[in-house]
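Chains as they are written, first to last, in this note's numbering: chain A, 1 to 261; chain B, 1 to 261; chain C, 1 to 261; chain D, 1 to 261.
Treat the hints as calculated values from the structure; they're not laboratory data.
Since the structure is predicted, the reported quantities are computational estimates derived from the model, not experimental observations.
It cannot be assumed that every hint is accurate.
You can't tell identical chains apart in this list, so a pair holds if it fits in one copy or across any two.
[As the list claims (entries may be wrong)] Simulated crosslink set (DSS-like; lysine-lysine; CA at most 30 Å straight-line): (1) Lys38 x Lys256; (2) Lys199 x Lys214; (3) Lys59 x Lys199; (4) Lys59 x Lys214; (5) Lys242 x Lys258; (6) Lys111 x Lys219; (7) Lys229 x Lys242; (8) Lys59 x Lys38; (9) Lys214 x Lys113; (10) Lys51 x Lys229.
Protein chains: 4
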Amino acid sequence: MAKRGVMEVSLIFPEAEVIRRYYRGLIYLAARTCYSEKTPQQIWDEFVSDKVPPERVMKLIEHVVESGHHSTIEHISFTFAISGVSRALSHQLVRHRIGVAFDQQSQRYVKYKEPPYVTPPTISENPEALAEFERLRDESETVYHRLLEMGIPAEDARFVFPNAVATNLIMTVNLRQLIHMAGLRLCTLAQWEIRQLFKLIRKEVMQADPYFGKLLVPKCVPLGYCDEKRNEDEHCRIRPHKNSVFRVWELYKQGKLKEVE
Amino acid sequence: MAKRGVMEVSLIFPEAEVIRRYYRGLIYLAARTCYSEKTPQQIWDEFVSDKVPPERVMKLIEHVVESGHHSTIEHISFTFAISGVSRALSHQLVRHRIGVAFDQQSQRYVKYKEPPYVTPPTISENPEALAEFERLRDESETVYHRLLEMGIPAEDARFVFPNAVATNLIMTVNLRQLIHMAGLRLCTLAQWEIRQLFKLIRKEVMQADPYFGKLLVPKCVPLGYCDEKRNEDEHCRIRPHKNSVFRVWELYKQGKLKEVE
Amino acid sequence: MAKRGVMEVSLIFPEAEVIRRYYRGLIYLAARTCYSEKTPQQIWDEFVSDKVPPERVMKLIEHVVESGHHSTIEHISFTFAISGVSRALSHQLVRHRIGVAFDQQSQRYVKYKEPPYVTPPTISENPEALAEFERLRDESETVYHRLLEMGIPAEDARFVFPNAVATNLIMTVNLRQLIHMAGLRLCTLAQWEIRQLFKLIRKEVMQADPYFGKLLVPKCVPLGYCDEKRNEDEHCRIRPHKNSVFRVWELYKQGKLKEVE
Amino acid sequence: MAKRGVMEVSLIFPEAEVIRRYYRGLIYLAARTCYSEKTPQQIWDEFVSDKVPPERVMKLIEHVVESGHHSTIEHISFTFAISGVSRALSHQLVRHRIGVAFDQQSQRYVKYKEPPYVTPPTISENPEALAEFERLRDESETVYHRLLEMGIPAEDARFVFPNAVATNLIMTVNLRQLIHMAGLRLCTLAQWEIRQLFKLIRKEVMQADPYFGKLLVPKCVPLGYCDEKRNEDEHCRIRPHKNSVFRVWELYKQGKLKEVE
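Using the sequences provided together with the hints, build the complete structure.
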């Protein structure tokens, strides 16, 4: 059972077995349909009757992913149950608009008995800050319940809830959008909580299918460089900064760099 | 094997067994998450351990569908293989933008040996028209192959292909968008070919799960009336025309209609 | 200048003069392009040289709006500045995904000196509730500033901010989506704050162009009936309930209603 | 007046004067709203009363464009009239789904007197191919008219129209999507016709506002490298290939490249 205010992510659908049997096939099917005179039914029959060597399937999938033929990976989706995230996170998360569906616990309709809370690490690591935070948190819960008792509707009483109050979501997202979201949210510059969420999402996908899990990386990995606006010296070293890469390239092109023996 | 130029639709994913086990549960999960203090993981555990009576699941699903809480039905999707439809149809079909993914046979990249064709019924039923149509169809195929032989690239040779040339698609669509598309395309005023496509789509869904199949109806069915711009006397009688319904309502409100014994 | 915590909406772009000169023309252009052998350039030249009588323009616009040919009204957009709305409202507002763009004041990046607040009317009308609310509001502001002083980053200190803290947004939305949003949010069942927002939006559009303003109505108005799930007797009377309308229609069809002399 | 079958693009809305007065301001407004405690109304008032130096506006715009804060450029849109493009092109063009609206000449509803055609350059430059192409083109036009005379409805007669038949569109697109589309379609590997379309679109935007026009470039320009799947030696030289850039970077990092004096 989920603990109060602890972030938890579960891959609800599909189960690993369904992913294993169908998901690579669906991408293969979508890609082959584009380039073949065969009907998709013929292509799929070959796939499900194991007439296509798995290496050939994987080779085509890797090709479409790397070459940016990303419509093909919109056909497979993952549904996650997410609990114990702050409303600060959820407000940010639901800004994603395409290839993704959300349902979220409603503060209008749920009358909370004891709402769970998210505590930022910078606060939990600072005893003085934590004391202030917990005092306010308890106070807001008390006021919330008093307002309900006075007959204020839940949809108005929740105006006193802080951003720290945890919320739950169901999120269904296709692979194309999931790669895009992970690319942004796994960046070391992303807000700490949403980054943690995508680490848990990656872990869940990795357990179900390591090939798909490995596609969930910060955007600098497929790009080859970091393109965030920051001082090159400060940045996180997952990949070199764009400016560094192209400074070297410019020197090379101008003949100012030579191979050493 | 698919016959040349015959429209075929297959529900590729998920198979009926997966739909039966999970799809109602996913909608139930999404809806309950909104209104419950429980985490989605708790709600899902109850569902998969059969602690929720199926009637209760269905009652909630019917409620969210009827009440327009349609975000909940964006979590389930269907992937169809479509073959033997004209490029006239596909140009129209891919205008749908939301909650739907397409991959389509490419006339740029496929060098056709013998492209299949779609013949409109008004033409196949008229021998004189059919003769003209078939002559032109064969002629365009001949010219296509001659252009290829002259070294014209396939992406330019296809400029001679008529709209009647058949194409294949993979379409993945969530239930919300599928209901919307069916609502438009099953209307008796829709173009005959795309209407036929959605009849086949409905048949496939119906076979996999009759509850979801029955949701695929012309939009007049949930609306209760036909709102197309046409003469009331001409229209198709699936539902009364909006104007008729409200003319009766106005008379009733003005006290001009009375119950007869 | 905007007052603290008072909701304000301004139509920023385009100004009334630009709307007057171009917006009807753009819808006319889009609709005529679909049905004419003329090029859109020819159609537009006729429009801007005043060769098309304004009545003909309006007749075509009214036709496409009523007949549901709504792609044509996606070509015109409105940009609003919105201030003094709660984060409860904004979290709901940004769930709209299509034909709409948002930028919002960031609680991660803005270090607030004195954040404005929104007070729900049910609270401001209840002195006891208001006292609790204001005490908590002031307390959370104090804690926020203390956390900042302790070196907690703004993005974490804001975890203590209640939903009542006001935020600002820029929203650009095309007419199709604006009509859809207004249809939902002007319903008397909508949350009071978002309903107030759309009343102000309608007022702004009305001032700039009454024709477009009048299109912003609760969804029951174009539907002809209320389709919300509620007891027929309780509902708001803008339009009759769907069930009432069709009960009368059924009686009429069965011959149980007759015209009285 | 548009010539038969000649591609023409016109920026219909807004006119250059409106762009000049408002479009930079709208991006500035959206970006500042995110980072300021001021209301957007205050920010806009400062802008329209010329209290913000144009250099400061431009600096912020350049920052958000380069740093990828692209929600801010979704607030400005451009409406183009497009004529004389093939249905091969339009079928591809309307696959863009987000931030873009289309209306297109309907082959269902328009009964063509003399449809214009697009001739691929590879065909027009080859007299033998051109003769075949023109013969088929004329033949399909003749058959189309004969089918109409036999009473076949226009929506079925058009099944004989080749992809080469020209069509007209109205396209409204926000700046974010326009940059994305231009990035793909101005690539030297894009299909020749759609590439020509985007050259004309860039020309129109450039005339109205060179700053926005200059943002419309092949995607390799902002990326810094070409990431298309092709042999490095074959590629177009607008930018170096990704593999080349990172081969040099790897050598450099391994200390195998040294600066020469």
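Against the structure, the hints come out as follows:
1. In this homomeric assembly, lysine 38 and lysine 256 never come within 30 Å of each other (Cα to Cα): the closest approach is 53 Å inside a single copy and 50 Å across copies.
2. Taking the shortest alpha-carbon separations for lysine 199 and lysine 214, only the intra-copy value of 12 Å comes in at or below 30 Å, while the best inter-copy value is 38 Å.
3. Taking identical chains as interchangeable, the C-alpha atoms of lysine 59 and lysine 199 lie at most 30 Å apart only when both belong to the same chain, with a minimum of 27 Å there against 35 Å between chains.
4. For a Cα distance limit of 30 Å, the shortest separation of lysine 59 from lysine 214 inside one copy, 16 Å, qualifies, whereas the shortest one across copies, 38 Å, does not.
5. For the homomeric pair lysine 242 and lysine 258, the shortest alpha-carbon distances inside one copy (21 Å) and between copies (20 Å) are both at most 30 Å.
6. When the C-alpha separation of lysine 111 and lysine 219 is checked against a cutoff of 30 Å, the pair qualifies only between copies, where the shortest distance is 28 Å, while the shortest distance within a copy is 40 Å.
7. In the homo-oligomer, the alpha carbons of lysine 229 and lysine 242 lie at most 30 Å apart both inside one protomer (10 Å) and across protomers (21 Å), since each shortest distance falls under that limit.
8. Taking the shortest alpha-carbon separations for lysine 59 and lysine 38, only the intra-copy value of 19 Å comes in at or below 30 Å, while the best inter-copy value is 43 Å.
9. Taking the shortest alpha-carbon separations for lysine 214 and lysine 113, neither the intra-copy value of 40 Å nor the inter-copy value of 39 Å comes in at or below 30 Å.
10. Only between protomers do lysine 51 and lysine 229 lie at most 30 Å apart by alpha-carbon distance; the minimum there is 27 Å, versus 49 Å within a single protomer.
Violated hints for the displayed structure, listed by number in ascending order: 1 and 9.
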